[in-house]
Amino acid sequence: MCDVAFLLFADTHVLEDRTDHSHSYRREWTDPYGLMGPPGAFGLLSRAYEAKYGLDYRMLGKLAVTQRNHALLNENACEKLRVPITIDDYMNSRMIADPIRLLDCVMRTDGAAGLLMMSRKRAKEKGLTKCIIPIGYAERTNFKGGENLVDVTKSGHEICGKKALGAAAIGIKDVASFHPYDDFIIAIMLQFEAFGFCKAGEGVPFIRDHDFSYNGDLPLNTGGGQISAGQAACSSHNLVEAVRQLRGEGGKRQVKDTRNALVTGIGWINYGRNWGSSAALVLVPE
Amino acid sequence: MTKALNDTLGVKRTIKHFDFSEPYWEATKQKKLVIQYCKATGKYQHFPRPVSIFTGRRRDIEWREVSGKGVVFSYTITERGTPAFRGAEPYAVVSVTLDVGVNFIANIVNCNAEELKVGMKVKPYWHPLDDGTHLLMFQPDKDAT
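Chain order of the listed sequences is V and Z.
Residue 1321 is where the first sequence starts when you use this note's numbering, and the numbers rise one by one after that.
Residue -13 is where the second sequence starts when you use this note's numbering, and the numbers rise one by one after that.
This is chain V alone, in the form it adopts within the complex:
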């Protein structure tokens, strides 16, 4: 049996396009039409959401600004991204895959993070204090994979979110800080809906009515999120930030309520719809 697990997340990126689509539907069904990877897929997803519910893009801009403000307070955030932005900057940033703008998109960066995982007993023996406990975890993969026409605004988070919160025995209103996987800004809004912070289609008014700053009523990706800190090794940024906050090591961006934190993950995008894998993790301090 493993006594101690060292969880290492590391990434370095190359500029050349080395994406190999030879085993994917992409080479036959999206590459020939120039659909631009994840920005293209989220462009289709955003437009479908807009057609169904309407979408005030300035509210997505509010989330972008909140996360950028957090990155300004995070010395580990990618230096290039540590520049203040406004909602107008978001709205005026150039279109990539309309309605996806430049400031919707995550930027790949080099980076690394690490965590040590062990039993409470082992931690005590080692004299380690301020341990963080994962008390609820669930994931859902290939959400509605056996169905044809699905509501693309929904994801497996609506299932695994309930499971993870259930295991942790807390309700969604008890979540003290939220650290969702953010590859595009709209993914955050879709997760507000899927986890039940608000009802389906009510993401925009929910954003309007809440303050997502580190000292607001629902602190959101307090390290800047991947979008404003840089995407290195995917979810590790949001996970490590949640651990830091619960340990009280948030520095200038320390949240007040450290009873728990909810971290999420997202993986791959199915043909013309939403992400295919969803994960949720509830952390509490010892």
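It is possible that part of the hints are untrue.
[Said to hold, decoys possible] Restricting the straight-line Cα-Cα distance to at most 27 Å, the calculated cross-link-like pairs of lysine-lysine (DSS-like) are:
| id | chain 1 | residue 1 | chain 2 | residue 2 |
| --- | --- | --- | --- | --- |
| 1 | V | 1372 | Z | 55 |
| 2 | Z | 109 | V | 1372 |
| 3 | V | 1372 | V | 1450 |
| 4 | Z | 18 | V | 1372 |
| 5 | V | 1576 | V | 1482 |
| 6 | Z | 25 | V | 1464 |
| 7 | Z | 29 | V | 1372 |
| 8 | Z | 55 | Z | 2 |
| 9 | V | 1372 | Z | 128 |
| 10 | Z | 107 | V | 1372 |
| 11 | Z | 55 | V | 1464 |
| 12 | Z | 18 | Z | 55 |
| 13 | V | 1474 | Z | 107 |
| 14 | V | 1474 | Z | 29 |
| 15 | Z | 17 | Z | 103 |
| 16 | Z | -11 | V | 1372 |
| 17 | Z | -2 | Z | 29 |
| 18 | V | 1474 | Z | 103 |
| 19 | Z | 29 | V | 1464 |
| 20 | Z | 2 | Z | 103 |
[Said to hold, decoys possible] From chain Z, some residues computed to sit far from chain V (all C-beta separations above 10 Å):
| id | residue |
| --- | --- |
| 21 | 12 |
| 22 | 65 |
| 23 | 127 |
These are computed hints drawn from the structure, not numbers from a lab.
Yeah, the Cβ is synthetic: ideal placement off N, Cα and C, and Gly gets one too.
Assemble the complex: chain V is given as a structure, and chain Z must be docked to it using the hints.
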């Protein structure tokens, strides 16, 4: 002012096929659209797979010719294209719900940015490729009622 969209007909495309997709490409040589149909459940599926996504069985799959008519389910205007499409921006990528109940992602021709709307009725446009197959695209179906 009307914003012109590139119809992407000038983009060079070489497409590698999976073995199980060949019946699709073969039919496009005659500008026919065939879609996989699951005999056990009576439902269509797209993109092509080796098995039915409804039952997981290979023997449930057959190919059926369909009209290719449908409505725009969603679309995105690409302002920053993939390497093969660089220089062709802006161009639209549409997801169309075909009348047999599957979504099909493609480009659209004979359509400007102001006309392109979710819910718009479309019909096939067949773009010839060098290998004798045709690439399915869509165009507005102005005769549709």
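A quick look at each hint next to the structure:
no.: 1; hint: 1372(V) / 55(Z); result: 22 Å, holds
no.: 2; hint: 109(Z) / 1372(V); result: 23 Å, holds
no.: 3; hint: 1372(V) / 1450(V); result: 46 Å, violated
no.: 4; hint: 18(Z) / 1372(V); result: 32 Å, violated
no.: 5; hint: 1576(V) / 1482(V); result: 25 Å, holds
no.: 6; hint: 25(Z) / 1464(V); result: 20 Å, holds
no.: 7; hint: 29(Z) / 1372(V); result: 25 Å, holds
no.: 8; hint: 55(Z) / 2(Z); result: 26 Å, holds
no.: 9; hint: 1372(V) / 128(Z); result: 24 Å, holds
no.: 10; hint: 107(Z) / 1372(V); result: 17 Å, holds
no.: 11; hint: 55(Z) / 1464(V); result: 25 Å, holds
no.: 12; hint: 18(Z) / 55(Z); result: 12 Å, holds
no.: 13; hint: 1474(V) / 107(Z); result: 25 Å, holds
no.: 14; hint: 1474(V) / 29(Z); result: 22 Å, holds
no.: 15; hint: 17(Z) / 103(Z); result: 26 Å, holds
no.: 16; hint: -11(Z) / 1372(V); result: 24 Å, holds
no.: 17; hint: -2(Z) / 29(Z); result: 34 Å, violated
no.: 18; hint: 1474(V) / 103(Z); result: 22 Å, holds
no.: 19; hint: 29(Z) / 1464(V); result: 15 Å, holds
no.: 20; hint: 2(Z) / 103(Z); result: 31 Å, violated
no.: 21; hint: 12; result: 14 Å, holds
no.: 22; hint: 65; result: 4 Å, violated
no.: 23; hint: 127; result: 19 Å, holds
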